[in-house]
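Number of protein chains: 4
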Amino acid sequence: MGKMWGGRFSKPTDSAMERFNASIGFDWQLWAADIRGSIAYAAALERAGLISAQERAALVEGLQAVYAEFECGAYEPRLADEDIHTAVERRLGELIGETARKLHTGRSRNDQVATDTRLYLRDKIGALRAALLALQATIVQRAEEHLDVLMPGYTHLQQAQPLLFSHWLMSYFWMLQRDRERLDELTRRVDVCPLGAGAVAGNALGVDRAALAADLGFSRISENSVDAVSDRDYVAEFLFWATLTQTHLSRLAEDLIIWSSVEFGFVSLDEAFTTGSSLMPQKRNPDSLELLRGKAGRLLGDLVGLLAVLKGLPSAYDKDLQEDKEPLFDAVETMTLSLAVAERVIRTLRVHAEAMAQALADGLLATDLADYLVRKGVAFRRSHELVGMAVRRAEALGIRLRELPLTEFQAISDAFGPDLYDVFDFRHAVERRDVPGGTATDAVRAQIAQAKSVL
Amino acid sequence: MGKMWGGRFSKPTDSAMERFNASIGFDWQLWAADIRGSIAYAAALERAGLISAQERAALVEGLQAVYAEFECGAYEPRLADEDIHTAVERRLGELIGETARKLHTGRSRNDQVATDTRLYLRDKIGALRAALLALQATIVQRAEEHLDVLMPGYTHLQQAQPLLFSHWLMSYFWMLQRDRERLDELTRRVDVCPLGAGAVAGNALGVDRAALAADLGFSRISENSVDAVSDRDYVAEFLFWATLTQTHLSRLAEDLIIWSSVEFGFVSLDEAFTTGSSLMPQKRNPDSLELLRGKAGRLLGDLVGLLAVLKGLPSAYDKDLQEDKEPLFDAVETMTLSLAVAERVIRTLRVHAEAMAQALADGLLATDLADYLVRKGVAFRRSHELVGMAVRRAEALGIRLRELPLTEFQAISDAFGPDLYDVFDFRHAVERRDVPGGTATDAVRAQIAQAKSVL
Amino acid sequence: MGKMWGGRFSKPTDSAMERFNASIGFDWQLWAADIRGSIAYAAALERAGLISAQERAALVEGLQAVYAEFECGAYEPRLADEDIHTAVERRLGELIGETARKLHTGRSRNDQVATDTRLYLRDKIGALRAALLALQATIVQRAEEHLDVLMPGYTHLQQAQPLLFSHWLMSYFWMLQRDRERLDELTRRVDVCPLGAGAVAGNALGVDRAALAADLGFSRISENSVDAVSDRDYVAEFLFWATLTQTHLSRLAEDLIIWSSVEFGFVSLDEAFTTGSSLMPQKRNPDSLELLRGKAGRLLGDLVGLLAVLKGLPSAYDKDLQEDKEPLFDAVETMTLSLAVAERVIRTLRVHAEAMAQALADGLLATDLADYLVRKGVAFRRSHELVGMAVRRAEALGIRLRELPLTEFQAISDAFGPDLYDVFDFRHAVERRDVPGGTATDAVRAQIAQAKSVL
Amino acid sequence: MGKMWGGRFSKPTDSAMERFNASIGFDWQLWAADIRGSIAYAAALERAGLISAQERAALVEGLQAVYAEFECGAYEPRLADEDIHTAVERRLGELIGETARKLHTGRSRNDQVATDTRLYLRDKIGALRAALLALQATIVQRAEEHLDVLMPGYTHLQQAQPLLFSHWLMSYFWMLQRDRERLDELTRRVDVCPLGAGAVAGNALGVDRAALAADLGFSRISENSVDAVSDRDYVAEFLFWATLTQTHLSRLAEDLIIWSSVEFGFVSLDEAFTTGSSLMPQKRNPDSLELLRGKAGRLLGDLVGLLAVLKGLPSAYDKDLQEDKEPLFDAVETMTLSLAVAERVIRTLRVHAEAMAQALADGLLATDLADYLVRKGVAFRRSHELVGMAVRRAEALGIRLRELPLTEFQAISDAFGPDLYDVFDFRHAVERRDVPGGTATDAVRAQIAQAKSVL
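Going down the list, the protein sequences come from chains A, B, C and D. Quick note: the first sequence, position 81, residue 81 per my numbering, numbers continuous. Quick note: the second sequence, position 354, residue 354 per my numbering, numbers continuous. Quick note: the third sequence, position 164, residue 164 per my numbering, numbers continuous. Quick note: the fourth sequence, position 74, residue 74 per my numbering, numbers continuous.
There may be inaccurate statements among the hints.
[Stated by the list, open to error] DEER-style ranges, computed between Cβ atoms:
| # | chain 1 | residue 1 | chain 2 | residue 2 | range |
| --- | --- | --- | --- | --- | --- |
| 1 | D | Gly73 | C | Ala446 | 41 to 49 angstroms |
| 2 | C | Arg445 | B | Leu133 | 15 to 23 angstroms |
| 3 | C | Glu354 | B | Ala355 | 16 to 24 angstroms |
| 4 | D | Gly25 | B | Arg402 | 33 to 41 angstroms |
| 5 | A | Asp425 | D | Gly73 | 52 to 60 angstroms |
| 6 | B | Glu354 | C | Glu408 | 24 to 32 angstroms |
[Said to hold, decoys possible] Simulated crosslink set (DSBU-like; lysine-lysine; CA at most 30 angstroms straight-line):
| # | chain 1 | residue 1 | chain 2 | residue 2 |
| --- | --- | --- | --- | --- |
| 7 | A | Lys376 | B | Lys3 |
| 8 | A | Lys124 | A | Lys376 |
| 9 | B | Lys11 | A | Lys376 |
| 10 | C | Lys376 | D | Lys3 |
| 11 | C | Lys3 | D | Lys376 |
| 12 | C | Lys124 | C | Lys376 |
| 13 | D | Lys124 | D | Lys376 |
| 14 | B | Lys124 | B | Lys452 |
| 15 | A | Lys3 | B | Lys376 |
Hints listed in this document are in silico derivations from the structure and should not be mistaken for laboratory results. Computed from a predicted model, the values in this text were never measured in an experiment. Yeah, the Cβ is synthetic: ideal placement off N, Cα and C, and Gly gets one too.
If we strip away everything but chain A, and leave its shape as in the complex, we get:
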C-alpha cells in the first residue's frame, strides 16, 4: 500500500519533486489529530451504512494501535509516506489489511487536513490560554508586592512623570488581556468542523456531518464545502494573535533590557534567565529578554509568509496551502516557550527600588509646577511656557529645579510664590494622578482589583 493515488499515473514522482512535495517531515505533528479524525470518520461511515459494525471495529482498533505506536515514538517520518494521512493509512493497512482501504471512502485529504489542523490548534490554544493567564496572574502578584515602589515614568525614553512601578507593570496586564480576548474570539472560528466537505463539492455518501462534529467536539460545521477546504483564516488569525502578543512581550523585554543595564540598574534578572559570554568572564546577559524581543520579528515573518501565500490564490484547494503548516507549528512552539519564559522572568525579577528612587529627577515634576501656576490662575499654555523657562534657567545654572531661588522664579513670573517648593514631592505627584487608570496608589489598587476580576 503506497500512495493514496496512482491508478491514473504511468510513472513515478521525480525524486527532487518527491522531497519538494512531501509534508511528512513536519505534518507528522498532526498524528494524534489525524487518527482521532479517522476514528470519528469510521463511525460516520458505519452510520451511513458504508461499512459494517465489524469493519468499523476493525478500523478503530487498528487506528488505536497506530496511535499507540506514534505515542511511544515508534514512528519515524519517511519520504515515501508523503504526508501524515498516507502514513497513518499505510500503517493501518499493514496492521489490519484490506479493511483499511475502506476508511477513505468519500473523504478527501482536503477536508481531512483541514479537520486535523483545527483539532491540533484547538488543543494547543487551550495550553496557550493557560500560559497567558499564568503570566497575567504573575504580573498582578508582582504588582501587588511592589505597590510602594516609585520610579521615573518615561516617554521617548526621557523622564516624564513619576510612576508607581506597579502601574508600569500592570500596563502589560491589559495588553495581555486584549490578547486573551482575541484568543478566545478566534477560538470560535477554529472550532468548526470541515469534515464532510470532501475535495471541494461536499460528501456524496450521506455522512452525518453534525454527528461527526459532535464526535470530534466541534461546536459547528462549516457552511460551504468550497470554503471549508481552502479556509486558512483561522491560521492567519492565530499567527496574527501570536505576533501581536509577542510584540507586547517584546516591549516588556525592551523596557527590562534597558533597565537592567548597569547605567539604569532598576532591575536584575534572576541568573537562571541570563547567560554568560564565551570570552568575557564578567558577563551576565539578558538573553531571555532579547529572545523575547527577537521572536516578535520571527512571528511577523510567519504571519507574512502565510498571508503572502494566500493572496491571489485561486478558489478551493491549491497545493500552496500546504505552506500553512510550518508557520503554524513554529508559532505554537514559539509562543509556548515565550509565555513560559516571560512568566518565570517576571516571577523572579529583582526590583531595585532604591536605584529607581535615586533616578527620580526634578524635571519629572515640571508638569506639577505648571499645574501649580494654573491653580494660581495662569492659563495652562502660559504656565507651560513659564515653567519651561524655569527649567532652562536651572539647567543654565547647572542646578536642580528645586534649587532655583525664588527670585529667579519670580523674575520669570510673579505668579510664583514661596509655596512653589511644595511641588517637589514625587510621592505627592503620583498620588495626584488619581483618576481611574491613573498612577495614584488607590487607582492602581482599583486596577489590580479589576484585573483579578477578569482573571
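On the provided structure of chain A, position chains B, C and D as indicated by the hints.
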C-alpha cells in the same frame, strides 16, 4: 501662538527636522475627531472646576467655528502647524484669544491623539461594515438568481467535481461573514476612551473620565494610563482585518480574472469595470479585479509596517508611534473603494452558463464512478485505482471516459457493469452532494437561507 | 566540560530558558564551517605564539576527528550543548583533553558564529549559482527547440498580441540573469572574514587577521570589530535574493498553472511533477508549480522575519541575532529544491503548439490593423479609435474581426481599403516586431545568442 | 481628447471604478520623466519616418510648453486624466492640436511607464547617493574629532569591553559603505531602457531602440519585451536598499536614544533635532531619532507591499503593477529626509566624554584579566572560569573588582600575582586591541584613513 511647547527651548527646530517631524500633512484627516474631543474636554474642564461656564462656552463656540472652517475646506495644512492638535488650537486662539490657552490643561497630545484616532476609526468602521454587508447581500442575490447554473469545480486549477455556480459564489459569502465577525469584535476594542490618561501617568486635575467617555460615545475607559497612550493594538487589528478581507477579495478576483479570459469565457465583467489599452484597440482589461488582487499586497505592507514599528518599542509613548496614521488612513481608503468596487463588479457580472456547461469534462465524474464501484462492494482505495486506470485508458485512446467501451472497463475490473454509464450525468453528481454545506441545489438553498438569517 | 561560561554564575539555567536559548537544534548545520574555522584559528594561535606547534597539532588532529564523527552522522544534537561551538569544543575536550581549553583564547562566539555563517553561506551560494545556471541553460535550450511555435501573448490575462512561445520563455531567462548578477554581487559581501573581531573590540592577542582570512579562503577582512560581530546584511541580502528569485519562479509557475488547465491546454507537465488526489481518480495536479508559487510567500516571510529582528537593535551583538539562522537555513534549502524542480519541470514540459495556434483570436491583430491605418496617414490615436469601433461592430455581429465586411469597415472610416485583410496573419504580426528585444524570430534568435554569451 | 482608449467601449467607467483605477493622484510625480521620454520618442518617430521633421518640432515644442506648465505648478491632478501619460497627452493636444495624436504611435503605456519610472528613479538615486556620502563624511569627521574619547562597549546592552567612541561611530560608516555599494550595483539595473518594448511584443514600426536609449541617457536596452514591461525588480531592489539602509539608521538611532537618556547621559542631541511636550514643560525628546528608528518599519512595509504584489502575477503587464509607484515614491521621500536628518543629527551631536569615562566599570576588564592568566600559562577556558569566580566574589563583597584583595584572588588561584592590578587600565585595554579593525587608537586611525580612501 505657535508650537505647543518651546519655553524650555533656546533655538528653533531644524528645517529638515521640521518636515521630518510634522504629521499635519496627513493627520489633518483627524480634524473632526480632534475638535469633537476638545469640545468634550472643555466640558470636563468645567466639570472639574478648572474653567468657568463662560470660558467653556467660549471654547465650544470657538471650536464649532473652527469645525465649520474645516468642513468647508478653508483649512490648508501648513508645516508650522506640526500636527492637527496644534492647528486646531492655533486657529482657536486666533478666533477667541486667551481662553484658548486653557483648553489643554491637564491634557497631553498623547491621550488626545489616541482619542482622536479611536473616534475616527469608530466612524469609518461603521461605513465599512455597511459596505461589507452590501457586498454579502449582492452575493446572496446573485447566488439565488443563478441556482440552475452548473460549472466545473476546480482544485489546483484542474477540473475536480461539478459545482453549482451559486455554491462557488456563496463560498465568498462565508469568508466575508468571518470578516464581519472580526470587524465587530475589534470594534469593541476600538470603543475605549483613553482621554484622561495624560502624557503617561493619568490626569492630575480630577477630570471625570467616565463622563468624558459618555460624551464621546465610548462604551468604556482605558484601565491603565501607560497602556492607554501607547496602545495601537486596535490599529494593528484593523490592518489585519483589512489585509485578510482584501485577501479574500484577491482570491475572488483571481477566479474571475481567469474565468474572464477568452480561453475560459465563463464570465464577463461589465464594461464599466474594465479599461482599455493605449495601444491595442481590442482590449477590455479587468483592471478592477487586478486592483482588488494587488491591493491585498498593499494592505499587507501596511500591516507589516505598523507591526515592525511596534516591535521592541520602549513602553509608553515614543514618537515612532506617529507612523501608525498613514497605514491606517491608507487601509480605510483602500477598503472603502475595494468593497464598493467588488460589490458593483459582482452585481453587474455576466455569467455565461452555456460556456460553463460546455467546459464540463468527464473527468469531473471520476469520483462518482469510484463511488459506483464502492456501491458494488469494492473498497474505496481499490475503486479509486480502478477508475484511475480507466481514465488512463480513455486518455490513451483519445476518447472521453464515457466513450470507453464496457469491454475496456471490464478488462480493468469485472465490478464494472453496463449501469456504470448512468454515472455520466453532471446534474446528478451535483445533487448527490446533499450534505449540509454541499453543492446540491437543496443544500445551497439551505445555505442561502442561512446566509440571509445572518445578514 | 560543560558550558563555555559559568564561573561567575551561582545557579544553573532555568529549564524552559535552556530550551528557549539553545540554538544547537538548528545551528549544528554549521558544524563543518565551525570546525574549519577552528582549525584555522589554531594556526593563528600558534602564529601568535599563544600555543606551541605541538598543541596546535593536537588541536588540529582532534578537530579532524570531530569532523569525521559529524561527517558520518555520529553526532546527535543535545540541549546541554547550547550551540554548535560548544558542542564541538566539548567533544574536542573529550578527545584530546586539556589542550582543547586553549582553543578559544582571544576568540568570542560573536566573531566565531559570524565566520561560520559566512563560510556556510559561501559554500551554499556556489551550489545555488550552478543551479541557477542550469535552469537558465534549460530555458535557452527549450526556447531554441520551439522557435516556430506561435501563441497568444497576454496582458491582464487577456489576449494582447501574438508572441513566439520562445520569446515568452526567454523573458524568464533575463529575470534569472538579474538574479545571477545579484547573487554574484552579494557574494562579494559574504566573502569577508570577521574572525579576530573578538566579542566587540577586536583581538587583543595579536592574531594575524590577514593570514586567518587567507587560510579560510576569504578575500577580505572586516574593517570594524563592532560592525563585524553584528553585521547580518549579507543574510538579509541573501534572503532578499531568494525572495525575488522565487518571485520570478512564482510568476513562471502561475503562467504554467493557468496554461495547463484543461481550458487553456497550452502545456502539460510531465507526470513526474504532478501528483494525484486521494479522492478523485482522474486528477493530475501541478503541485510542483503550486509549490514554486507558494514558496515565494514563505521566503518573503523569512526575509521579513530577519529584517524585523534587525530593526532598532542596539549596536554590536545582541542575542536577537540568533534568529538569523533559521530563515537562512530555510532559504538555502528552499532555493536548492526550487531551482532543481523548476529546471526539471521546464526540461520535461510538453508544449502543445496546436492548442496555442487554435487559441489565436483576431483581436490579437487589432494593433496591426491600427498600424495599417497609420500607414494610410491616419493619426495613431484616431486609428486606435476606428479599429476599436470595428472590434465593437464585429462583436455586436458575433463574427470574427476578419469576417467583418469591407462595407462595414468603410462605414467606420474610408481609410480602410480591401488590403486591410492582409493584416490578418499572426505570423506576419510576429515578424513585424523585429526591434531588439521584440518577438520576431530573428530578434529572438539574437536574444538567444546573447543569452548564450552570458551563460 | 479624453482617454487614450474608448473606441471599443459602449459605456463610461463606473465612478467608484474611476477613482479606484486612476493613478494620476500619485503618478503626476513622473511628469518630468514622462515629458522627457516623449520628447525622445518624437525623435524616434521622425527617425523611423513615421512623422515629419515639422511634426516632430511641433511635438517637442508642445511638450516643452507642457513641461513649463508643470514646472511652475500650473497643473492640478484631475481624476479624468487617469494617469500622467494621459494628462500630458491631453494637454499637448490642447496646445498643438491634431499632431499630438501621432505621438503614441507604436508606443504603449506599458513601455512608457516603465521608462518614466526608471528615469525618475535614476535621478533620485543621484541625490540619495550624495546624501549617503555626506552622512559618511560627517561620521568620519566626528570620529576624527573624538579619537581620545573612551567609552564602555556593549553587547546585549551590558558592558563588555572598553571602546573608543570613534570606533563605535565608525562601525556605522561601514554599514553605510555597504549601502552605497548596493546602491551603485542596483543603479546598473535601473539604467536600462525599456522603450520600444510596446505593450508586450516589441515595437512593430522600426523605432531605433539604441538611439532612444542614448537620447535618454540609458546605458543599455532591455533584452526582452515581455520582461521589459513587467520587470519591477529595480523597484524591489531599491525598496530593499532603502529598508536595509534605514535599518542601519534605526540601530544608530536606538544607540543614541538610549545614550541620551538622563541615566546614560553619554550624548545630547542638538535642540534643533528634539521637540517638546504639549503637557510636560521640561521635555526635550529625541523625536528625530525615534522617527529614524520607526521609518525602518515603514520602509519594510513598502518592501513587503511590493513583493506581495509581484508574487504569483501572470507574466507581462497586469494592472497590479500600478501598486509599485506609491511605495517607491514613499521610499524616495523617506530616505531623502532620513539621510539629511541623520547627517545633521550626527554633525551637531554633543558627546559627553566625562560621563562616558565615569560609566566605565571594572567588569569591562575581566577579559584582560583572563588574558593576564593566559600569559601566566593558564589555559583560556580555565582562566575564564577563575576570573568569573573573582567577579562573583567581588560582587558578593559589594566592591569593585580592582578592590578585591590579592589574598582573595589567590584563594581562587595562585596564578594570580600582585601584577594583576596593572590590568585595571581602560586606556591600556583599548590599545591592546590593535589588530586591523580593532579599537586601538592606531587601528581606528588606519580605519579612518581607509574610510577616507573609499569616500
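Against the structure, the hints come out as follows:
| no. | hint | in the structure |
| --- | --- | --- |
| 1 | D:Gly73 with C:Ala446: 41 to 49 angstroms | holds (46 angstroms) |
| 2 | C:Arg445 with B:Leu133: 15 to 23 angstroms | violated (58 angstroms) |
| 3 | C:Glu354 with B:Ala355: 16 to 24 angstroms | holds (21 angstroms) |
| 4 | D:Gly25 with B:Arg402: 33 to 41 angstroms | violated (56 angstroms) |
| 5 | A:Asp425 with D:Gly73: 52 to 60 angstroms | holds (58 angstroms) |
| 6 | B:Glu354 with C:Glu408: 24 to 32 angstroms | holds (27 angstroms) |
| 7 | A:Lys376 with B:Lys3 | holds (23 angstroms) |
| 8 | A:Lys124 with A:Lys376 | violated (60 angstroms) |
| 9 | B:Lys11 with A:Lys376 | holds (29 angstroms) |
| 10 | C:Lys376 with D:Lys3 | holds (23 angstroms) |
| 11 | C:Lys3 with D:Lys376 | holds (23 angstroms) |
| 12 | C:Lys124 with C:Lys376 | violated (60 angstroms) |
| 13 | D:Lys124 with D:Lys376 | violated (60 angstroms) |
| 14 | B:Lys124 with B:Lys452 | holds (25 angstroms) |
| 15 | A:Lys3 with B:Lys376 | holds (23 angstroms) |
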